[in-house]
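Chain by chain, the residues:
Number of protein chains: 2
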Amino acid sequence: MKTVYVKLSQGNYPIHIGPGLLAKADYQSLLQQPSAIIVTDDTVAPLYLSTLTNALDNQGINFETIVIPTGESYKNLETVSLILDRLLELKIERKTTLIALGGGVIGDLAGFAAAIYLRGIPLIQIPTTLLSQADASVGGKTGVNHPYSKNMIGALHQPKAVIIDPDTLQTLSEREISSGLAEVIKFGLIQDASFLHWLETNMHRLWKHDSEALTEAIYRSCCYKAEATSQDEAETGPRLLLNIGHTFGHAIETAMGYGEWLHGEAVGAGTVMAAHLSQRAGWISSDDVKHVESLMHLARLPIRGPRLGSQRYLELMQNDKKVENGRLRLILLKKLGKAEVVTWTERTMLENVIHHCSH
Amino acid sequence: MKTVYVKLSQGNYPIHIGPGLLAKADYQSLLQQPSAIIVTDDTVAPLYLSTLTNALDNQGINFETIVIPTGESYKNLETVSLILDRLLELKIERKTTLIALGGGVIGDLAGFAAAIYLRGIPLIQIPTTLLSQADASVGGKTGVNHPYSKNMIGALHQPKAVIIDPDTLQTLSEREISSGLAEVIKFGLIQDASFLHWLETNMHRLWKHDSEALTEAIYRSCCYKAEATSQDEAETGPRLLLNIGHTFGHAIETAMGYGEWLHGEAVGAGTVMAAHLSQRAGWISSDDVKHVESLMHLARLPIRGPRLGSQRYLELMQNDKKVENGRLRLILLKKLGKAEVVTWTERTMLENVIHHCSH
Numbered sequence: 019m020k021t022v023y024v025k026l027s028q029g030n031y032p033i034h035i036g037p038g039l040l041a042k043a044d045y046q047s048l049l050q051q052p053s054a055i056i057v058t059d060d061t062v063a064p065l066y067l068s069t070l071t072n073a074l075d076n077q078g079i080n081f082e083t084i085v086i087p088t089g090e091s092y093k094n095l096e097t098v099s100l101i102l103d104r105l106l107e108l109k110i111e112r113k114t115t116l117i118a119l120g121g122g123v124i125g126d127l128a129g130f131a132a133a134i135y136l137r138g139i140p141l142i143q144i145p146t147t148l149l150s151q152a153d154a155s156v157g158g159k160t161g162v163n164h165p166y167s168k169n170m171i172g173a174l175h176q177p178k179a180v181i182i183d184p185d186t187l188q189t190l191s192e193r194e195i196s197s198g199l200a201e202v203i204k205f206g207l208i209q210d211a212s213f214l215h216w217l218e219t220n221m222h223r224l225w226k227h228d229s230e231a232l233t234e235a236i237y238r239s240c241c242y243k244a245e246a247t248s249q250d251e252a253e254t255g256p257r258l259l260l261n262i263g264h265t266f267g268h269a270i271e272t273a274m275g276y277g278e279w280l281h282g283e284a285v286g287a288g289t290v291m292a293a294h295l296s297q298r299a300g301w302i303s304s305d306d307v308k309h310v311e312s313l314m315h316l317a318r319l320p321i322r323g324p325r326l327g328s329q330r331y332l333e334l335m336q337n338d339k340k341v342e343n344g345r346l347r348l349i350l351l352k353k354l355g356k357a358e359v360v361t362w363t364e365r366t367m368l369e370n371v372i373h374h375c376s377h
Numbered sequence: 019m020k021t022v023y024v025k026l027s028q029g030n031y032p033i034h035i036g037p038g039l040l041a042k043a044d045y046q047s048l049l050q051q052p053s054a055i056i057v058t059d060d061t062v063a064p065l066y067l068s069t070l071t072n073a074l075d076n077q078g079i080n081f082e083t084i085v086i087p088t089g090e091s092y093k094n095l096e097t098v099s100l101i102l103d104r105l106l107e108l109k110i111e112r113k114t115t116l117i118a119l120g121g122g123v124i125g126d127l128a129g130f131a132a133a134i135y136l137r138g139i140p141l142i143q144i145p146t147t148l149l150s151q152a153d154a155s156v157g158g159k160t161g162v163n164h165p166y167s168k169n170m171i172g173a174l175h176q177p178k179a180v181i182i183d184p185d186t187l188q189t190l191s192e193r194e195i196s197s198g199l200a201e202v203i204k205f206g207l208i209q210d211a212s213f214l215h216w217l218e219t220n221m222h223r224l225w226k227h228d229s230e231a232l233t234e235a236i237y238r239s240c241c242y243k244a245e246a247t248s249q250d251e252a253e254t255g256p257r258l259l260l261n262i263g264h265t266f267g268h269a270i271e272t273a274m275g276y277g278e279w280l281h282g283e284a285v286g287a288g289t290v291m292a293a294h295l296s297q298r299a300g301w302i303s304s305d306d307v308k309h310v311e312s313l314m315h316l317a318r319l320p321i322r323g324p325r326l327g328s329q330r331y332l333e334l335m336q337n338d339k340k341v342e343n344g345r346l347r348l349i350l351l352k353k354l355g356k357a358e359v360v361t362w363t364e365r366t367m368l369e370n371v372i373h374h375c376s377h
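Residue numbers (the working numbering), protein chains in the order written: chain R, 19 to 377; chain Z, 19 to 377.
Careful, some of the hints might be misleading.
For chains that are exact copies, the list does not tell them apart, and a pair is met inside one copy or across any two.
Claimed, not checked - Here are the computed lysine-lysine pairs in the DSS-like style, where the Cα-Cα straight-line distance is at most 27 Å: (1) Lys178 with Lys20; (2) Lys352 with Lys340; (3) Lys25 with Lys42; (4) Lys178 with Lys25; (5) Lys109 with Lys340; (6) Lys340 with Lys113; (7) Lys226 with Lys308.
Keep in mind the hints are simulated off the structure, nothing from the lab.
Input sequences plus hints: build the corresponding full structure.
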């Protein structure tokens, strides 16, 4: 087992990473009282719920379970409201821990419910997808979508611990692996070109579900994410860089209907757009752009977005949380391995890039 | 103008108190960018909205306004959802400040919307009732009710400033003044018997809407509240004492239908119950209990709760946020001016007190 710590002013929390950890983790030591409420979805429940509940049973921990429907289209305030109703019916107390077992949607939804139920109860994230293990379960962001835009409603609610069992990736679909890889590649692009090299060398192992390679990719991603969170919990500075490709990507997800494009697929296409814009701004070379595209290709991600028309892209991008005084703020690449937040007001170049990168 | 500071690890914020402040406050210095979104209700809007918007206009601040229906029965997730929809339609940005103009319901509702919109935007509280000026607007508690119990869903979201203009109390109904006095009396009961004496001496001035006396009562209450918040923001220790009477009171509010009993009315009756229980536990004398009742009488508050039956009281009290391992935690009086958190498991005495104190 490897452990990474997220260091925050209000206390640190561990990210434990290891094959088989779902069954073997020491849950008891992470709880305030021996009671838990598990929130999961109807895809994950048949696969991994009994492994978790057996472990809790063996450790003398009481639990209840809430199972919700699977998918991004349920990541909304209505589902949160249903979870809250159930927490109240079950008389879940303030010191009972909510365990979010599932992918990014479960982590966001259940994490948000934990943030606002009784003004906040303890939370443990047990991510079961590559995307949530390598990125989404760490850092405390929780929330839901709104028809107008992604993740517009939410709260920062740090977990007490993150427990990552890469063995749960064995059942993951190819699309879900691809989606996770988009966020893994992100860490290399914004701050460590050597990690890009590692990914290129080891991508074939990841595709073979090689446990050691998966664990390494997740571990390194968690190190980047933990450091960014420790430096800038509220995301007013360096943590913003982790949003590369996301302003474009959120527009794609919203336009296509939540769940049609997986988050990582949209982020992959969005990151390619960010790379093209970085090149036109004169920061990176066309070879660098090709390098980014080839990485996305290796990850079997789309390198073009849907043809929505640049007007529609710009309109949706305008709803981004980072917008200030009506002006977009985008994450662009200074070089491979280094990114910057840029206030972007020029319109023609942006439209051209969107046009070029969508089909 | 008097100013009290709430001191927190993440920064301090001021509570400015002064007659006429609604028109005169320096809003510009409190905003991150010169734009604001005002949330108020249809009772307060015709009375005080134009005073505020004129002041913002004069200071070159752009604003939009959201007006919601008045009353505790609207303090729910549906209304929050409507506010969020409107914030999104208006494309309110992350650095725009939400100004909550109104009583405790507006502070809680709009404060909660500010807490979860884009994972949190700046908030200024401008309370316009005695209850919210003396208590609810300070300390960062925000949230909504659930059919099962009061304030079950919410977030801690500290304001950037609280602006209190006691002149807005001139239009307040007698019931609303009484309701506020319950929370004012609370501060004396739990930590300063000399303030109880001041209240007895000055109650007739408060009832005549004497501006100086009102300002003094609010100022002293804010000092107590600011200190409790600074000591224990998350309410795991001493701040819990401010909930005296609230476990009983919330049961009354929930049972009767939100808005039927005003919050302070229910807290007043609940505080009398807490006093009786404190006496039966052998901590205070029957003269002390009479003293508490006479204070509530001076404040024109009910000293008896509704006759719901003690079973119903206990059932509703069991939903309290302070319940731990199924056990009630109540705030009781050690003497007038000193309170303690007590884990309460004895049933008969509690039933007898509820029976005695309801009619």
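Hints, one by one, checked against the model:
Within a single copy, Lys178 and Lys20 get their C-alpha atoms as close as 17 Å, which meets the 27 Å cut-off; across copies the closest is 41 Å, which misses it. Taking the closest pair of Cα atoms, Lys352 and Lys340 come within 27 Å of each other only inside a single copy of the chain (19 Å); across copies the shortest separation is 52 Å, beyond that limit. Within a single copy, Lys25 and Lys42 get their C-alpha atoms as close as 25 Å, which meets the 27 Å cut-off; across copies the closest is 43 Å, which misses it. Taking the shortest alpha-carbon separations for Lys178 and Lys25, both the intra-copy value of 12 Å and the inter-copy value of 26 Å come in at or below 27 Å.
Taking identical chains as interchangeable, the C-alpha atoms of Lys109 and Lys340 lie at most 27 Å apart only when they sit on different chains, with a minimum of 12 Å there against 38 Å within one chain. Proximity of Lys340 to Lys113 under the C-alpha cut-off of 27 Å is restricted to the inter-copy arrangement: shortest distance 10 Å between copies versus 34 Å within a copy. For the identical chains of this complex, Lys226 and Lys308 are intra-copy neighbours only, at 25 Å inside a copy versus 78 Å across copies, given an alpha-carbon limit of 27 Å.
Checked against the numbered hints given earlier, this structure breaks none of them.
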